[in-house]
Amino acid sequence: MSAGRSGEGVPAEGTEAPGLSLAARNLGRALDEAGAGSRRVREAVGEFVEEVTFAGADEIRAMLREVLAEDWAALPAWARGLAYRLACLQRPDDAGLLREAAADLLCFGPDRDREAEEPRRRAAEPE
Numbered sequence: 282m283s284a285g286r287s288g289e290g291v292p293a294e295g296t297e298a299p300g301l302s303l304a305a306r307n308l309g310r311a312l313d314e315a316g317a318g319s320r321r322v323r324e325a326v327g328e329f330v331e332e333v334t335f336a337g338a339d340e341i342r343a344m345l346r347e348v349l350a351e352d353w354a355a356l357p358a359w360a361r362g363l364a365y366r367l368a369c370l371q372r373p374d375d376a377g378l379l380r381e382a383a384a385d386l387l388c389f390g391p392d393r394d395r396e397a398e399e400p401r402r403r404a405a406e407p408e
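Just so you know, my numbering puts 338 at position 57 of the sequence shown, and the rest follows in order with no gaps.
Since the hints were derived computationally from the structure, they do not count as laboratory data. One or more hints might be untrue.
Computed Cβ-Cβ distance ranges for the label pairs, DEER-style [what the hints assert, rightly or not]: (1) 320 to 398: 33 to 43 Å; (2) 374 to 320: 34 to 44 Å; (3) 314 to 405: 21 to 31 Å; (4) 398 to 314: 19 to 29 Å; (5) 321 to 374: 32 to 42 Å.
These numbers come from a predicted model, not from an experiment. Backbone N, C-alpha and C fix where the C-beta goes; we use that ideal spot for every residue, glycine too.
Model the full structure from these sequences, guided by the hints.
Now the structure itself:
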């Protein structure tokens, strides 16, 4: 069980759960090394989704910064989108997080521009 779910050993604010970063790295490696239909990929996807689902916004943000700094293309767009969406749901009024999420969406071409508009608009709204 990850630290983020039990309540014990929850990382201090601004830090991350080792399980989430490990799950993200495992997902990136599995996608690089195995076929999309492989058991390893299915397990890595399941592990990542479970870890990110129960992670706090600070954990998610720290994981994204750490993993993407190592290899910007390590996580697929869907995994990054899921992570940012879950973090933004936890912090709907965090303008910095909303801008970060929108900027990440814009990195994946015009297909994501419409989705990026909503967090950009919310980030620009006065408090």
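Does the Cβ distance between residue 398 and residue 314 fall inside 19 to 29 Å? About 36 Å separates the Cβ atoms of residue 398 and residue 314, which means 19 to 29 Å is violated.
Honestly, do residue 314 and residue 405 meet the 21 to 31 Å range at C-beta? Once the Cβ atoms are compared, 41 Å apart, the range 21 to 31 Å for residue 405 and residue 314 is violated.
In this structure, is the beta-carbon distance linking residue 320 and residue 398 contained in 33 to 43 Å? 38 Å Cβ-Cβ, so the 33 to 43 Å window holds.
Starting from the range 32 to 42 Å, see whether the pair residue 321 and residue 374 falls in it by beta-carbon distance. This hint holds: roughly 39 Å between Cβ atoms.
Taking the beta carbons of residue 374 and residue 320, is their distance inside 34 to 44 Å? At 41 Å between Cβs, range holds.
In summary, the structure is inconsistent with hints 3 and 4 from the numbered list given earlier, while agreeing with the others.
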